[in-house]
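K.L.:
Residue numbers (the working numbering), protein chains in the order written: chain A, 1 to 205; chain B, 1 to 357.
Hint data in this document are derived by calculation from the structure and do not stem from the laboratory. Where is the CB? At the ideal position from N, CA and C, for every residue including glycine. Accuracy of the hints is not assured; some may be wrong.
[Said to hold, decoys possible] Taking lysine-lysine pairs in the DSS-like style, the calculated list, with each CA pair at most 27 Å apart, reads:
{"hint": "1", "chain 1": "B", "residue 1": "Lys-340", "chain 2": "A", "residue 2": "Lys-194"}
{"hint": "2", "chain 1": "A", "residue 1": "Lys-3", "chain 2": "A", "residue 2": "Lys-45"}
{"hint": "3", "chain 1": "A", "residue 1": "Lys-151", "chain 2": "B", "residue 2": "Lys-80"}
{"hint": "4", "chain 1": "A", "residue 1": "Lys-163", "chain 2": "B", "residue 2": "Lys-325"}
{"hint": "5", "chain 1": "A", "residue 1": "Lys-194", "chain 2": "A", "residue 2": "Lys-151"}
{"hint": "6", "chain 1": "B", "residue 1": "Lys-340", "chain 2": "B", "residue 2": "Lys-80"}
{"hint": "7", "chain 1": "A", "residue 1": "Lys-163", "chain 2": "A", "residue 2": "Lys-194"}
{"hint": "8", "chain 1": "A", "residue 1": "Lys-151", "chain 2": "A", "residue 2": "Lys-163"}
{"hint": "9", "chain 1": "B", "residue 1": "Lys-340", "chain 2": "B", "residue 2": "Lys-218"}
{"hint": "10", "chain 1": "B", "residue 1": "Lys-325", "chain 2": "B", "residue 2": "Lys-340"}
{"hint": "11", "chain 1": "B", "residue 1": "Lys-325", "chain 2": "A", "residue 2": "Lys-151"}
[What the hints assert, rightly or not] Okay, the calculated bits of chain B under chain A, using three or more residues with CB under 8 Å as the criterion:
{"hint": "12", "segment": "188 to 197"}
{"hint": "13", "segment": "200 to 206"}
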Amino acid sequence: MSKTEFPPSIRSRPVYADLEPRPGRSHVAVADGEGAEAIVEMLDKAADRPAMLAALHILYAPGPNGTDQWDSLQALGAAQCFRAPTIPTLLPRLGRVVADAHMGTQFYLAGTEGLIGQAERDIMATGFPHAAIQKEHRGSTVRRMQCVHCKGITENVATDPFKCSHCGLWLFVRDHYSRRLAAFQGVNIDAEDKGEIPEPVVRFT
Amino acid sequence: MSLDFTPQFDGFFRNETFRDDFTYRNSPQNIRRFAFPFDRDDYMYSVNMEPHTPGRPGSVFEHTFDVDEHYVSEMIDRAKVLAQDPLRCQSLPHMTLAGWDLLELIMESKARDYPQWFSLEKDGNRWRWINRPMGIDQTFTFLDESTLPYGPFEYITRQTQGDFSLQDERDGTLWMDAGMITSQADWSLDFDIGMNFHEWHAPVPLAHEMGVFDRALKFLLKLQHGAPVRRYNWTMTVNPLLDTAPETYPEWGHMRTLPTQENMGHMMHLRVELQGLFRLPRSNAIAFSIRCYLAKFEELVTVPKWGRRLHRVVRDIHPDVAAYKGFLRNRDAMVEWLSKYDDGKPTSPGWWPDDEE
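Please work from the sequences and hints to get the whole structure.
P.N.:
Right under this line is the structure:
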C-alpha cells in the first residue's frame with residue numbers, strides 16, 4: 001500500500017482523498033507510477049464495473065521513481081488505455097480528450113503531485129468544475145517547484161533547499177501552492193546572507 | 001500606444017526615488033498625517049475593519065483614494081517596475097468588466113475629491129479624463145477597451161497610488177483574478193493570481209487558527225456597493241523600497257543586514273498598508289486597494305506618542321509575527337534604538353498624533 005499521509009499544512013497546500021466511483025456519462029482516469037493501484041482499487045468498488053470500464057479512458061505514465069504498473073491497467077479492459085513515456089507527452093492527449101468530453105464526465109487523477117496538478121490545471125482550464133475532479137496521491141512525494149525569481153519549473157525536487165535548474169539560485173521549498181501553475185513555490189534561501197546555504201536535506205522521496 | 005505621461009511636480013508633489021539613491025522622505029506636514037496604524041501599545045492580528053467613510057480633514061481618511069505628496073514619484077516607480085516585469089499586472093479574461101467598474105470608481109472619486117488635479121467630463125459613454133499631476137488628457141469610450149492604451153484596470157491603476165486586486169465572487173468565496181501589484185510586502189501576484197481567499201492568505205501564521213480569515217471572509221461576502229470598508233496592515237522595510245517583491249528578493253534581501261544603531265533612524269521604515277474594500281456595481285466583484293505608506297523611524301519619533309508606542313509594539317510582538325513580516329533579525333536592534341524615545345509615560349488611545357496627555 002502506498003497511500004500517502006501528509007503532515008498538516010497551510011491551506012493552499014492540496015489535500016487528497018481516496019478515489020470513489022461516481023455515476024457519469026464517461027470517465028477519464030489519469031495516473032502515473034503507483035497511481036495505477038488507486039485506479040484498480042477504485043474500479044473494484046464500482047457498482048457496475050463493466051459499464052464503467054466501457055466508458056473509461058485511462059492515460060498513464062511511469063512515475064518519477066521508475067515505477068511502471070502499465071500492465072495492471074492494460075489488464076482492466078477499459079474502452080481506451082494509453083501509456084505515455086512521460087507526463088509532458090501525456091498532457092497533449094489529455095487536452096484532446098478533455099476537448100471532446102461533455103459535462104457529466106468524471107475525472108480520476110492518481111499518482112504524484114506533479115501529475116495530479118498538471119492534469120487538474122489542464123482540465124479546469126477548459127471549464128470543467130472542480131467538483132468533477134477527484135484526486136488521490138500515491139507513490140513518490142517529489143515536488144514540482146516554481147522558482148519565484150526566474151519563474152523556471154524544476155521537476156521532481158527531493159531536497160530542501162534545492163538548486164533551481166534554470167537560474168541556479170538555491171531555493172527553499174514552501175508549501176504555498178498555485179493550482180494555476182501546478183507548482184509549489186521556491187524562494188531564494190540566501191538572499192539576505194549570501195552564500196549561507198544550509199546542507200540540503202532529502203524531504204521528498 | 002502606451003501611457004505617455006509628463007510629470008508635473010508643481011511644488012506640492014515631491015520628485016524622489018524609491019530605489020538606487022533612495023531620496024524618498026516625508027515633509028514635516030506629511031509626517032503629521034502619516035497613517036500610523038497602532039491605536040494601542042500592542043499588536044496582534046484581528047479583522048479590524050471599519051466603514052471607509054470620510055474621516056478627519058487632512059488625514060489619510062479624508063478622501064476615498066488619498067493622493068499625497070508622493071503621488072507622481074510613486075507612479076514613475078510603478079512604470080519602472082512594469083517595464084522590467086509586466087507580469088506584475090495581470091487580469092484574467094473574465095475580469096474586464098470589474099476593471100471598468102474600478103476605473104469609474106477612481107475617476108469619479110478623484111474628480112470629486114481633488115478638482116484641482118483631476119477632472120472627468122461625461123457625454124454619454126464618451127468620457128474625457130484629465131490628470132494634471134501626470135500631464136494626461138484622455139478622451140475615451142466607457143466600456144470600449146479599444147479606446148484606451150491599456151485595459152481599464154491597468155490604465156487607471158497606473159495613475160493611482162497603492163496596489164489593487166480584483167476579487168471575483170463564486171462558490172461562496174472570493175477569487176483573486178486580477179491585480180496591479182508593484183508595492184507589495186513580499187508576495188507574488190503571478191503566483192497567487194487565481195487563488196481563493198484562504199489559499200492566498202495561507203502563508204500567514206496564527207491568524208487562521210484564530211479564525212480571523214473565516215470571519216473576514218464572512219464579512220466581505222456581505223459587502224454592499226456604496227458601503228466600502230477599510231483596515232490597516234503593516235510591516236517593516238529597510239530603505240524606502242516600494243517594490244519588495246519576492247521576484248526581486250535576491251536583489252533587495254541583503255538590505256536587511258544593513259541596519260545599525262547609527263543608521264536605524266534613517267534606514268528602517270514603518271510600512272503601513274491602508275486597505276480598502278469596495279463592492280463594484282456591474283461585476284459584483286470586490287476591489288481591494290492596498291495603499292502603502294512609508295515613514296522613517298526618525299520621522300515617526302518626532303511625534304512623541306508614536307515613538308513611545310512603536311517601541312512597545314515592536315518590543316512585545318509575537319516572534320512568529322515578526323518572522324512572517326520579515327524583521328525578526330532586526331527586532332532587537334530596532335527595540336534598542338526606539339527605547340530612547342520611550343520615557344515610560346502612558347499613551348492616549350487611538351492613532352492620532354495630537355491627542356496626547
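K.L.:
Would you mind marking each hint as holding or not holding in the structure?
P.N.:
A quick look at each hint next to the structure:
As the CA atoms of Lys-340(B) and Lys-194(A) are separated by approximately 32 Å, the hinted pair breaks the 27 Å bound. As the CA atoms of Lys-3(A) and Lys-45(A) are separated by approximately 17 Å, the hinted pair is consistent with the 27 Å bound. Distance hint between Lys-151(A) and Lys-80(B) is fulfilled; the C-alpha atoms sit about 20 Å from each other, no more than 27 Å. Of the pairs offered as hints, the one joining Lys-163(A) and Lys-325(B) holds, with about 25 Å between alpha carbons and a cut-off of 27 Å not exceeded.
Using a Cα cut-off of 27 Å, the hinted pair Lys-194(A) and Lys-151(A) holds, with the two alpha carbons roughly 20 Å apart. A threshold of 27 Å between alpha carbons decides the hint, and for Lys-340(B) with Lys-80(B) the separation of about 38 Å lies outside it, so the pair is violated. For the given pair, Lys-163(A) sits about 14 Å from Lys-194(A) by alpha-carbon distance, which is consistent with the 27 Å threshold. The suggested pairing of Lys-151(A) with Lys-163(A) holds, with an alpha-carbon distance near 13 Å, which does not exceed 27 Å.
For the hint pairing Lys-340(B) with Lys-218(B), the CA-to-CA distance comes to about 43 Å; that exceeds 27 Å, so the pair is violated. For the hint pairing Lys-325(B) with Lys-340(B), the CA-to-CA distance comes to about 24 Å; that is within 27 Å, so the pair holds. In summary, the hint linking Lys-325(B) to Lys-151(A) is supported, as the alpha carbons are separated by about 23 Å, within the 27 Å threshold. Closer than 8 Å: that is the beta-carbon criterion, and the segment 188 to 197 of chain B has 7 residues meeting it against chain A, so the requirement of 3 holds.
Remark: the segment 200 to 206 of chain B is confirmed as covered by chain A, as 4 of its residues place a Cβ nearer than 8 Å to a Cβ of that chain, reaching the required three.
Hint violations for this structure: numbers 1, 6, 9, all remaining hints satisfied.
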